[in-house]
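Same order as they appear, the protein sequences are chains S and W. Note that the numbering used here has the first sequence beginning at 1, numbered continuously upward. Note that the numbering used here has the second sequence beginning at 1, numbered continuously upward.
Just to be clear, a hint being listed does not mean it is correct.
When the alpha-carbon atoms are kept at most 25 Å apart in a straight line, the in silico DSS-like pairs for lysine-lysine are as follows [as the list claims (entries may be wrong)]:
#, chain 1, residue 1, chain 2, residue 2
1, W, K30, S, K182
2, S, K454, S, K83
3, S, K358, S, K368
4, W, K2, W, K108
5, W, K30, S, K94
6, S, K95, S, K130
7, S, K317, W, K48
8, S, K92, W, K30
9, S, K91, W, K30
10, S, K328, S, K212
11, S, K95, W, K30
12, W, K104, W, K177
13, W, K48, W, K201
14, S, K21, W, K235
15, S, K317, W, K152
16, S, K324, W, K48
17, S, K62, S, K83
18, S, K130, W, K201
19, W, K27, S, K95
20, S, K212, W, K30
21, W, K16, S, K94
22, S, K94, W, K27
23, W, K104, W, K2
24, S, K92, W, K235
25, W, K249, S, K21
26, W, K16, S, K95
27, W, K16, S, K91
28, S, K92, W, K16
29, W, K66, W, K206
These aren't lab readings, by the way, just hints derived from the structure by calculation.
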Amino acid sequence: SFLDSLRSNADLAHVQINQNKYDLDSHGRGEGHHPCAPPSAILVPTSAHDVSQILSMCNKHKVPIIPFGAGTSVEGHVSALNKESISLDMKKFKKVDLPIDGILEDACIEVGAGVTRHELNDHLRHTGMKFMVDPGADASIGGMVACGASGTTAVKYGTMRENILGLECVLPDGTIAKCGTKALKSSAGYDLTSLMTGSEGTLGVITKVTVKLHPIPGHVIAAICEFDSLHEAAEAVATMRMCSIPVERCELLDESSMDAFRRYAASSGDGKFELGAENKPTLFLEFTGSSEAAVREQVTLTESICDDFGGSNFEFKADESERKTLWKARHNLYYASLALRKGATDAVLTDACVPLSKFADIITATVKDVKDFNLVGPCFGHAGDGNFHCILPIVEGDDDDYIAKIHKVNDNLIRRTIDVGGTCTGEHGIGYGKLKYLDSQYGEGGIKFMKELKKGIDPNNIMNPGKVVII
Amino acid sequence: MKILVGVKRVVDYAVKVRVGSHGVELKNVKMSLNPFCEIAVEEAVRLKENKGAGVSEIVALSIGPKQCQETLRTALAMGCDRGIHVQTDLRGDYMELQSDAVAKLFQKIIEEKEKDADLVLVGKQSIDSDCGHVGPMLAGYMSWPQATFAAKIDVEGNGLLVERETDQGTETIRIPKLPAVISCDLRLNEPRYATLPNIMKAKKKKIDTFQAEDFGIDLEPKNKVLEVFEPPARKEGIFVDDVNQLIDKLRNEAGVIP
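The whole structure should be built from the sequences, with the hints applied where relevant.
Shown next, in the form of structure tokens:
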């Protein structure tokens, strides 16, 4: 068998082979609603050389292989659609190339693909610099590249794509490829780094990444403001952008999300923001600057803009622990949303992104669908990017009708999104659940382009088959 | 009020420690500011930022090799005003330089260089030697009041009110008058990240260097280290097929049920 061939390879003697049932299960699922599809075995390589040997063997024997980071994907990225698939666990790739004296010369650093974003920032804690991309999960850097991840700071610092300078990856035939450099700009050849970004393990295995860093902001103020409608809130955000306010975070929560937020804050005992009596669409904002005056200026201007659009209860906080509490509650909205339906352990997460001018309409339409179908579905998102999520919790025992309605909400949303020139996924990726939307999103030519690339790089279709593009 | 803060350079808390022929392997190992010292620095800076406390100056003190200057720069970037480096190549992780000598060096610094120090803040222990001695020993040598494991420090009149964490609960200790020594525990505060502008400013702050041998103290260790070894490797767990097998193993192998 294939595993026997692996075991008889002396070069790979140190590579752990794990077939424990519980570990296989945990490697066959992410954090979305897709059913668990466990691989046949888990391999734990320790170097790019190990990965190269393993991929060559998989390629020769035509055994599918799925790179595994932190397991926090939400579109079924690691589901082993072929039962014989191998899971390639990247957890040993933890090297952080910090100089021994702790002083960074450039605003970048090379890290192993298995380092998680919280681990990285912990290593950097005395350097004055930080890795800014912040999806809710403590994902691995390699996984974040593969998924094209982003978070609440994308409005100012961009997504993963804008925050990496280069990477090292291993191709299906075992070739170790260097992509990008440490330079801030480059026109040298194809942009392989961008190609790998969002490739979801279908083109190769990422082993090292050079990430960009940014200075830790000196002065920070967080603010919230309630609005009577999502439209007015969205218009306030558009105006803020027109006034060139360099907002650090700009999140919009609908009434249902505010309900989830309040309950979470109440249960965790540290809800310190004075909100109005009822749940209203609310903007959560953060401003940073090099001086207190610079930040105050942004806050003052924003307050007057919010006021113009009927905003109320505008409140701001400079204290660090209060700010942290606020963003912690926002980052945990996924779990707070699940908690809105007792017994829910799974949810369908929508993830559409549209041009800013269409944001208010699209989120309002989804909120209406949720209401019309009588579902629980908080909607919240990155108002500054035109990207929002609707969390639709599923409880075991939900009847087919309820489940069908949940999927209809998502389907409607994506149809509307593509109609206005948006994308069916702003940050969560395609996995296998959203394959069906790519045709209408890109058309024949775009799909053909992707297929040619996949066929050229992975002719035997061993790299995470069944995801992103089918050949 | 003038505050003296102890900052120790130790193996970073996230490093997987290995034992070599001369004790813990330090070569090419990442070193950082001791986490409890970091909490002490943060508290000193917060006291200074709280105008009511009347803190005039914070001096950071580190004892060790030349790389302690990096540790001092971190403390300066967090908000200390000046640094003192007592240079010695003796290993501070209990192998060569031990608590008694360190406490005496602190005493010499206070008596000869920083006579007007009102408050000494130290971490409750360092994560390499885990002794927790320096705070209490220094208080003893100086005949100053001490409060250890501080989880909260408030200014009260001419003194301080300290909440002290123990396994049984929290005690409140009133220090009616300064000077005093306080050792800082985990829940006292969450240390700030130094920003780049502050890191750059810290490069210009003054660090005075003295040699440990010049203070006329016997630096020889009072305790002899006989052996340093890694704990035995944990035995791998096993899966059992059913409850009967579990009970059999608990009874006949582990001997934990009759």
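Hint-by-hint comparison with the structure:
no. : hint            : result
1   : W:K30 / S:K182  : holds, 23 Å
2   : S:K454 / S:K83  : holds, 22 Å
3   : S:K358 / S:K368 : holds, 16 Å
4   : W:K2 / W:K108   : holds, 16 Å
5   : W:K30 / S:K94   : holds, 14 Å
6   : S:K95 / S:K130  : holds, 17 Å
7   : S:K317 / W:K48  : holds, 21 Å
8   : S:K92 / W:K30   : holds, 18 Å
9   : S:K91 / W:K30   : holds, 20 Å
10  : S:K328 / S:K212 : holds, 24 Å
11  : S:K95 / W:K30   : holds, 12 Å
12  : W:K104 / W:K177 : holds, 23 Å
13  : W:K48 / W:K201  : holds, 18 Å
14  : S:K21 / W:K235  : holds, 20 Å
15  : S:K317 / W:K152 : holds, 23 Å
16  : S:K324 / W:K48  : holds, 23 Å
17  : S:K62 / S:K83   : holds, 13 Å
18  : S:K130 / W:K201 : holds, 19 Å
19  : W:K27 / S:K95   : holds, 17 Å
20  : S:K212 / W:K30  : holds, 22 Å
21  : W:K16 / S:K94   : holds, 12 Å
22  : S:K94 / W:K27   : holds, 19 Å
23  : W:K104 / W:K2   : holds, 20 Å
24  : S:K92 / W:K235  : holds, 21 Å
25  : W:K249 / S:K21  : holds, 22 Å
26  : W:K16 / S:K95   : holds, 13 Å
27  : W:K16 / S:K91   : holds, 15 Å
28  : S:K92 / W:K16   : holds, 13 Å
29  : W:K66 / W:K206  : holds, 15 Å
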